[in-house]
Every structure is written in C-alpha cells, then in structure tokens.
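*Asks:* What follows is the residue order along each chain.
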Amino acid sequence: MATNYDWPAAGDRSVIGGITNRLDGPDKVTGRAIYAYDRALPGMLTARLVTSPHAHARITKIDTSAAEAIKGVRGVDIIKGEGAELQWVGTEILAVAADSEEIARDAVLAVKIDYEVLPHLVKDENIENAGSAVKPASDKTEGDPDTAFAQADAVHEGFYGLPSITHCCLESHGQVVDWSGDEIIVYASTQAVGRIGADLAKNLSRDESIGNVSPNQVRVITPVMGGGFGSKFAIDTWGVSCAKLSKKTGRPVKLMLDRDEELQIAGGRPSDYGKIKVGAKKDGTLVAYESETWSSGGVTSRGAPPLPYVMPPPNHKVRHLSVATNTGPARAWRAPNHPQAAVLTWGAYTDLAAKLDMDPMDLLLKNIGLTARPDVYRKELAIGADMIGWKNKWHPPGDKTAGPIKRGVGLSMHTWGGRPHDSNCEVTIHPDGTAVATLGSQDLGSGTRTVIGMVLAETMGLPVEAVTVEIGDSNYPNSGASGGSTTVGGVSSSTRRAAVDALEELKKAVAPAFGVDADRLVAKDGYISVGGGDQRLSWKAACRKLGARSVMGTGKQPDRNGGKLADSGVGGVQMADVSVDIETGVVSMNKLIAVQDCGLIINKKLAESQVLGSMIMGVCWALYEERVYDQATGQYLNADMEFYKLAGIGDIGELGVHMIMGDYDDRGVIGLGEPPAISPGAAIGNAVFNAIGVRVPTLPVTPDKVLAALEKGGMA
Amino acid sequence: MSSNKTNEGQDKTQQRKNGFSRRTFMQGVGVGTGAVGAGVLTQEQAHAAHHVVGPGPVSMSLRINGKAHKVSLEPRVTLLDALRNHLDYTGAKKVCDRATCGACTVIVDGNPVYACSMLAIEAQGRDIETIEGLASGDQLHPVQKYFIENDGQQCGFCTPGFVLASKAFLDKNSNPTMAEVEKGLCGNICRCGTYVGVRQAVLDAAGELRGGASGD
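Chains as they are written, first to last, in our numbering: chain Z, 379 to 1094; chain C, 77 to 292.
A portion of the hints provided could be inaccurate.
To be verified - In silico EDC-like cross-links for lysine to aspartate or glutamate, where the CA-CA straight-line distance does not exceed 16 Å: (1) K221(C) - D405(Z); (2) K923(Z) - D810(Z); (3) K659(Z) - D531(Z); (4) K983(Z) - E225(C); (5) K942(Z) - D384(Z); (6) K653(Z) - E535(Z); (7) K733(Z) - D531(Z); (8) K982(Z) - E225(C); (9) K778(Z) - E961(Z); (10) K449(Z) - E150(C); (11) K626(Z) - E586(Z); (12) K146(C) - E225(C).
Simulated from the structure, these hints should not be mistaken for laboratory data.
The following block holds chain C by itself, in its conformation from the complex:
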C-alpha cells in the first residue's frame, strides 16, 4: 500500500540497486505506453516508433529462457498475454493487468518487469526469463527452495511473480537487510498473507547464494 510512496521517496542509487521501480518500469515499457512513455523515449526508440506495424498480426520472435519462439501476434498483445495465451508459459499470472500487483513478473534483460504492461513486440531481441526457466531440472533455485522451506506461499497465485522478483532483486543485492528486502519487493502483492515467509525466504536464499556466509 504505502509501498509505492516509499518507492518514490527512494534516491536514484537505491532505485538502481533494487533494479526495480515504477519509473524504470515505465522506461522499459517505452513505446507501449504512448503518452506516458513519450517523455522518456531515447532517440533510438523514437526512430523505431516510426516503423508502423499492425493492427493485424505481425510475425515476431521472442527469446524465452534461452529458446527462440516464432509467433504471429497483433502488436497490441502484451508480453503477458503472449506468454500465457499464445505460448505455453502460464507461470506468470494475470491479476491486476495494470502494473500494480506483480503476479505477472518476468525478468527481461536482467530486470524484473510487469509483463502485463509490456507489449510482446517490444520484448523482441531481449532475454526473457520466466518462472519455468528458473529451476534446472529438479534442482530448484535457492529462492524457490526457501519459499517452500519458509512457507512463503498459500494459494500460490502470487508465488511465481514473487519468486522471480526476489531472484532479480538478489541478483543486484547479494546481502540485503530485511528493510531492503521489504523495499525491493514492494511491487508484489500477496492476498493470502505470506509476506513473513517471503521475507525470510529471500534472506535465506541470499545467504545460500553468497555461499552460506551470513551477512547479518
């Protein structure tokens, strides 16, 4: 709730460190959000915007978990809908569909992104990491392992997004404090009330990823 406010109050260093904020998210969305994105378009992106495609289906290629997928989609299709409805990646969930709750979180070029608010066509040429690609076979990522150990899940609908947001957060914050975890993951909402387990899971995973060294 007050999470968004807290986020706005952060300084830029903090935003970069956490790797996620509403502003970086909007920048990421770029051409997809029209008026909102216009102010932050780079010149390169502005040029690209002149290339008009659609409204009919457009052939595009998406690189998901290292694998290329050819799809033909209308340009208005979001990355989330492309993953869920047109490919077989249903781990990212559609909940608010408005960049508020984080259930659709995927990692694009190393940054957590609300897939509901990025167009599939914009995700071309980028590395898209989904929950399906996080574990290596039966070997769970430490974040996944500690979500289970700390029971950081109930109904599980927010879980894939939370796990990926946590992974992306830890990639840039290897030794976070509890307060940093709370700030860094304020873009994900759970309705069942699993935050206590989630907080601990992220701290435990951080410890294991650092090689078991305790930083607290």
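Extracted from the complex, chain Z is given alone in its bound form:
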C-alpha cells in the first residue's frame, strides 16, 4: 500500500491550524538568540568598509599606508582598485580589519583615495531629465486599445508613482567568517543558508591568489537573522572581502555594514512612475488600459511591473522604460514589482470610478470577472467591506464635513504565486523519544522553525514542545532560500514526508509488541495505539522498542512520486481608513484591514503576524519611506534612521486581519510573506483621495505633497 502523506483531515488535526507560540520566542525576548552581529569568536577581528563618497567617479589613487601603520590594523582587502569606476554613493572600495571596532574606524578615516568625479543621474521621477539613461524595457499590446478608448464613455488619464525605498533591515547585512585550514565557517545574516556557501566559493575561486575553493569547504550557520525582506540572498562583496581578510590574517573576522551603508548599498526597492489611461462604459465596465511607466533599480534594469494588475481590461497597451541611475542597486523586496503595480493600477481605477460617479468597490465588483479568481475576490471584498464599514464610510471623493480633518476609505487587491521551493528534510526518532527535524532552511522571523515543529508534532501525535527542530546550518539537508513566499510550502512538504516515513519505521519496530501489522498503528495524543483504541504504548515507551537504534525518514519537495502538499496562487484585498488634516497635510491611519487566503494555514497566529507585519511595513512606505537623493551632489541625503522614516508604534492605527480558513485547505500550504505586502500603499493612497477629493500622485503621502495637491486642486 502506497504511503499516504496527505495532510490530516480538518477533524483529525491537533496542532496544525492552531496558535502555537513561536518556538524561538523565549530566546528572542531574553537576548539569548545569537545573531551574526552578536557572534564573538576568540581572536576575532572587526572589519569596516571604505565606500565611495561620489555617485559616479573613477578611482585614481588609493593609499592605505597610513591606515596600515595604525597599531592594531591587521589587514586590508582592496575591492575596487585604481582605475575602477564607481557608480553609486556607498560602492565598496576596500575593507580593513583591526583588533577592535574603534581601530578599524580610525583606519577607515586614514585611507586616502583620489577620485576623478564623473557626471551622475540620481533622480528618476521626471523622465524628461533622464536623457540617454532611459531605455525601452518592455512593450506589449492586447486587443485594440485605440478603438476601445474611442468607444469608451469615460476615459481617465493620470500620473502615479512611488520612489525607491530601502529595506533597512535592523540587523545590517554582514557576517563573521572563520577561515581555518581548509574549512570556512560563515556566520551570516542571510535568507539563503543553503546557497551562499557556493556563492562564496565561486567568488573566492576567481581570485588567483586564493585558487580553487570548493563549496564543500564552506559551512554557513544562521540560527536566527535580523530581517531580510528579500535583500539577503547573496554572499555580497562584503562577505567575500570578509573571507579574504580572514584568510589573510588567519583570524576570524566580523564585517557588518554600518547603518548608512545598509541603507545605501544593501537595500533598494525599485521606483515606478507612469502615465496611466483607463477607459470604461457608463456602467463601469472596463474596456481599455494604456500605460507608459518607468522605473529605476540603479544602474541596471530591474524588470517591469505586471500591468495592468489583477484586473486587466480586454484591450490594453503596456509600455515600460528603464532609467539607469547612479543609486544603490535594487534588491528583491517583498513581492517584487507587485506593490508598484497595485499603486499604478488601483489609483487609476479609483480615479476612473470618481469620473463615473461610482463607488470604486462597485467598479471592481462590476469587473471582477476580469480577475483570475472572481469568487475568491468577491468574497474577500464582501468580508473586507464589513470589517471596515465601507458602506457607511465611503463617500464621493472629498469629505464634505466641516472642520480641517477629512476622512476617507480606499481599497486595493493583489495576487501572488508562492509555489513551494525545493526542500530536503531528515526526521530522526531516537530510542529516548526525541524526534528531530533537520533541514538547511532558515527562519527570517516569519516562523519557519515553528511551522516545521508543528508539522513534525502533528505527524507524530505529539505536542510541539516534545519535538526538536534543527535549522540554520548548511551541513543539514539542503533547503531553498527564503524568498517569494516559497518557504512554508517547501519545508512543510519535506518535513511532512520525512516525518511520515520516520514514523513508519517506528511503527514497524513497535508492531510486534502488539502482534499486529504496522499499518494498523496510529500515532496520536502522545500514544502509539492499535487503531486509536486501548491497546497502546506511550510515545516514549514505543520509542524504547527501538533498542539502541534510531530510525530516520527523509522527505523531499517536490517528491519524485508526485503528491501535492502545497500550492501557489492566492488573492487578497485590503482597505484603509485614514484621516487627513488639510491644514497641516498630515495623514493618520484610523484603520487598515486585510482579507487573505493562503490555502491550508499551519499556524493561525503566525500567519496573522505575517499579514500584520506586511500591513505595517505598508504604512511605512505609503506615508513615510523614500530614498532621498540630491541631483546637485549625487548624495543620498537620508541614509540613516532619523530621516529615513519608518512608522512608530503610534502611527499604525487599528489593524484587522481576516484569514480565509477552511475554504481552500485542500489546496495545501501556500506562502504568505509577499501577498499582504502588496496592497497597503494603493489602499492608503486611495483613502487619502477619498478623504480630500484630489489625487496625491506619488507615495509616500507626505504633508507637503498633500498640501500641494490641495492647492493644485483649488481646495486649499
């Protein structure tokens, strides 16, 4: 009989779907959790970077002699030598390792570098100023947009956009590298435990003075990490340099980015700006869409936003341009390209609805058939409308009540894939009753460790506290990088299969004691029993039957025999309720709600945390965040946390999350890191429009922009 790996039916689940607290919670609240930044090894040196002060320059001379003469300076690694072109402020030039952080900083100041300064472009909102930096990126047409626009009853054309923002991980990028003999141990703050070892080996092997380094020599250890959001997939220049310094000095070396470097070179979500034109029939039926958008991801192109988003009118023409700017390179940011697409799409649809004297909710419902999953969205819109009180709160654009505080609501919809990544897991059951899941995955704070523990516990019929999860080490079975909402599906599938196989081995060892076939045994509520009846052994007693032997199961995602425990493709909606002070321009959050489906939910509490976190990050970029560059000097003006603004605890208002549970359990597990991160900006921007009756064209919706929009609209 083929082994059945399916998730237990709803009535048979004792752990999955519950609200287990995160397993590493106690370590995190007590300070016991050791991050890469916290790692201290005997004899460890501290390294710091020297970076480019110019947005575009060529290095003409590097003089490190004064730095190297400082007592306690142990090594210098040149990353960009004389003659190298530097294309953004913060480009890594060299790293210096010293006995202490203080000495390393002294050394950085003592390095002398001469530059030939070259022309730069750092701003991209006005494409007219970008000249030859603009390149066509994509162009596609479906149907006959020109004819459709000509036949439309209403056409709206507007400008929308959002600037580049930075990840601002609280634990900056970096690592400790301990290169000893042939072994290189990297304690890294990474989203890719199973990948950056090979990345490092490849990069080191390019250096002739080092020679060939095998990925097998590199071990990556990451028990916890302080935030990534898509920015920590690579070993990065500083990781390679850190390793070289460790080899050169024969000592472990720590190199963590400073805060300004973190914001300049280690984080960047591309901007997106564009002219959007939409046309509809009188009843709101969308007929045509045309967009000319542009974006910058630094000096290289970064792909186009998926326009028209979620609800494509039958006739559309979508053109995207790429603008090369001398700014820190783009990195993946939760749901790459989707948040931008949501802002560009739902802003225009909301404004079109206004032109038709329609509630945008009605316009979306009217066109719900244009989406890939009409039933899901229709249901989610209804739930969301109830949660925020849409019927009572929505009014035609411009709150007509007296006084300076204007209130409004706005909405947005989104989609994401989130297919499970490749994952391998080993589950071992020991004679003392210990059950361990081992896999080379990582927990970004999303709860991966806890989810693995819950799947293992569910399978063994044990409480979560009774099982052990070992992750965060590249010596464990390889599991995918954590990005694109692929982790939960990947690790839960491989863990489930490994756990079922390990349990079968245990059952085989226990079956003779009952005198029955192994397949009649059931693991539930801490017992191994015959068919769930009175003939039973406690888990520990059952495991003792293994004698001196441990049993193991291995699980893979995908499994070569097929079988599906995880899926991809979800929908979600979000709605915002804001107040705008038209005298000061300050926007404050009253409420933000999310309705989200994601298949089978393993941990309701952690799933809700993922959604809440996405929404709060969304409040940050809707209202505050922007990498501010100065074209005159090429400088990044706010590469710190004083002026690169994030929301504080008092800025978020009330938040509500509704997870669709039960309806889609049969689809299996689907990732949740990206979907809810897409809609907040569009929903909040639309709520501001509803409140004040004029469109603030770009995010973040800062007070100056609100006042400017009011003045332009003749409302001030």
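Since the structure of chain Z is provided, determine the placement of chain C on it from the hints.
*Replies:* For chain C alone, coordinates are given in the frame of chain Z:
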C-alpha cells in the same frame, strides 16, 4: 515617524511619567555629547568634566545586572560597544547607532537609555540593567511572557530593546491606556511590523504586574 514630534509636544509631567524623552536622554548623556550636552550640564558634572582621561584605555568598573565588571576601555567607547564588544552582553543590538531606533535600549538607574549614545565611562557608578538580567532563571518577566503570547516579535532584533523599554515604561506607568503605551514606546522602531503584538503585550503585562486587576 511622527512619534518624535508627538513626544516634543508632550508636557513635562508626561515626559517624567513616561520616563523617557529625547531631552531626558540628552541630559543623561551629559559629557558624552559635547556641545549638545553642554547646555544642560549640572555644576557637578561640569566639574567632573575637568578631569581629563584618555585617549588611551582607561580602567573602569560597570555594574551590570547587579554584578561589577572591571574593564579597560578608551573613553570614546559607548556603553553599547562596551556591552557588546568588550563584555558578553549582546542582547542590546546595534542598529542605528544614533539614538533613533531603540534597539540598544538598556535601563540605567531606572531610566531607559539608548546605550549607543552613552559613553561607557559615563555609566560608571550607575545601575545598568540589560535584557540578560530581566528574567529570573527560567521565570520570564511578564513583559517577556506577553511579548511571546502576543507574538510581539518576528526577526527579534528589536525585541530586547523593546522589552526593556516596555519594562521601564511600566515601572513608571502601572496602568497605561493604549494611547499612553503608544506614546511611551515611540522611541523604539520595529521593521518587521510587530507593533500590534507589542501594544497588547505591554497592556497584558501591566495587568499581570498590577496583580491581575484589569484597569481598562
């Protein structure tokens, strides 16, 4: 974000009540911040400033979680770097290194302090409380317990600072409203977006610390 603005708008009673503000923080920093601190130096502190030490390492003693630690540090070393790099207290995190985000929060003489912006040498003779000293063995402080219960943490990098800021806040505000919690903890930043859990954790901990009596 607007948190700092809100804070400046508070009256003095509110500042004392919350036990934390940028101004009291700067006063605490005193000699460490040169020009900034000069205006608020007490006479006693001004006298002390005449005693010149460094720039080489200076022997000093720091009382951390009730235990004295002898260290030899350059006077420029911050309390945060002393804790993290020269002693084995890595619970306080280095994030902004500029008194903005609160990840380095420790409690000094009962007040929450950004350890990145206080010199170690200034912390001599004071009671320094770090996250490592908050739980009694396996017995978590109620703030810690409710951070876990309400999932007021994700990556966890802001968590030790947030927990200590919350503890110091509750020491002076035993029965806060949600609005007071938001105002009192506006000096700590989380990037993962855990504020909903944090708010509830502080309210729940307040309830337990008051003996389970509900004040709402």
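*Asks:* For every hint, state whether the structure bears it out.
*Replies:* Consistency of the hints with the structure:
Restraint check: the Cα-Cα separation between K221(C) and D405(Z) comes to about 11 Å, which is no more than 16 Å; the hinted pair holds. For the hint pairing K923(Z) with D810(Z), the CA-to-CA distance comes to about 10 Å; that is within 16 Å, so the pair holds. Of the supplied pair hints, the one linking K659(Z) and D531(Z) holds, its CA atoms being roughly 5 Å apart against a limit of 16 Å. For the hint pairing K983(Z) with E225(C), the CA-to-CA distance comes to about 10 Å; that is within 16 Å, so the pair holds.
The hinted pair formed by K942(Z) and D384(Z) meets the criterion: a straight-line CA distance of about 8 Å does not exceed 16 Å. With a C-alpha separation of about 7 Å, the suggested pair K653(Z) and E535(Z) falls inside the 16 Å cut-off, and the hint holds. Among the hinted pairs, K733(Z) with D531(Z) is consistent with the structure: their alpha-carbon atoms are about 10 Å apart, no more than 16 Å. Taking the CA atoms of K982(Z) and E225(C), the gap is about 13 Å. The hint holds against a cut of 16 Å.
Our distance criterion of 16 Å between C-alpha atoms is met by K778(Z) and E961(Z), whose separation comes to about 15 Å. For the proposed pair K449(Z) and E150(C), the alpha carbon gap of about 14 Å is at most 16 Å, so the pair holds. Straight-line distance between C-alpha atoms of K626(Z) and E586(Z) comes to about 14 Å, which keeps the hinted pair within the 16 Å bound. In summary, the hint linking K146(C) to E225(C) is not supported, as the alpha carbons are separated by about 38 Å, beyond the 16 Å threshold.
Of the numbered hints listed earlier, the single one contradicted by the structure is hint 12.
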